[in-house]
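Novice: Per this note's numbering, the sequence shown starts with residue 13, numbered consecutively.
Hints were generated in silico from the structure; no laboratory data involved.
Mixed in with the good hints there might be a few duds.
What the hints assert, rightly or not - Each computed SDA-like pair below joins lysine to any residue, with the alpha-carbon atoms no more than 20 Å apart: (1) LYS177 x ALA151; (2) LYS49 x ILE219; (3) LYS49 x ILE122.
Keep in mind the model is a prediction, meaning the values are calculated, not measured.
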Amino acid sequence: MSGWINTALFGVYPYICLSVLLVGSLIRFDYGAYTWKSDSSQLLRRDRLRLGSNLFHYGVLIVIGGHFVGFLMPDWAISWLISPAQHELLAMGVGGLAGAIAIIGLTILIHRRLTDPRIRHNSRAWDVAIVLMLWCQLALGLLTVPISAEHMGGGVFEQLVTYVKGVVTFQPDVARLLKGTPLIYRVHILLGFTIFLVSPFTRMIHIWSAPVWYLGRRGYQIVRTRHPAPSVVRETRQ
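Assemble the whole structure, with the sequences as input and the hints as a guide.
Specialist: If you want it as structure tokens, here you go:
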């Protein structure tokens with residue numbers, strides 16, 4: 013890959029994607045607040061939704077969390093805890109298992125969306141496109157596991173970690189850090205940034221509204237039942 017193409021794809025394109033993600037999300041929140049939702053198809057049919065959704069979300073949250081911790085943790089903290097080889101092995105084990113769970117759940121959701129006539133009819137083109145992009149991204153991530161197993165010294169993994177940190181910290185000529193890495197890693201990175209790019213225009217926008225406050229909420233949840241209380245029934249019969 014020539015130098016200018018490598019720079020454009022891995023030195024410029026990531027910042028375009030992240031800028032569109034941030035600015036596009038703010039614009040949508042301001043001008044399209046009523047479209048800020050995941051567009052759940054639960055009301056159309058619940059069949060397979062709970063299983064597929066739970067598997068996908070639990071798995072992908074671990075994958076995303078692992079990426080943030082593994083790639084953005086300070087070097088001194090990682091060196092103090094584990095060696096580069098152990099770091100790579102941990103990423104392969106936890107990431108591979110979580111990715112497998114996520115892709116199984118997403119496969120169930122895609123099959124449900126494409127084969128159920130009601131859901132398929134009510135799905136926009138971007139609804140299908142974004143889940144297929146996510147599936148491909150998970151598949152690419154799983155395919156990197158056997159490639160990583162061939163480079164257990166940690167050298168290639170350290171290149172990737174340094175690249176991600178370089179993008180976040182605006183290091184100059186960061187694209188050169190990916191030279192010599194296997195192609196599948198670079199495709200995985202490009203597709204990941206592309207998902208960031210299109211997220212403000214799709215149902216993926218709801219990732220900004222993850223209800224983390226739910227875990228520490230105070231008070232009780234008020235639930236209203238559809239059926240009248242027994243005392244009300246007796247009074248009605250009288």
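Novice: Tell me, which hint numbers fail for this structure?
Specialist: 1
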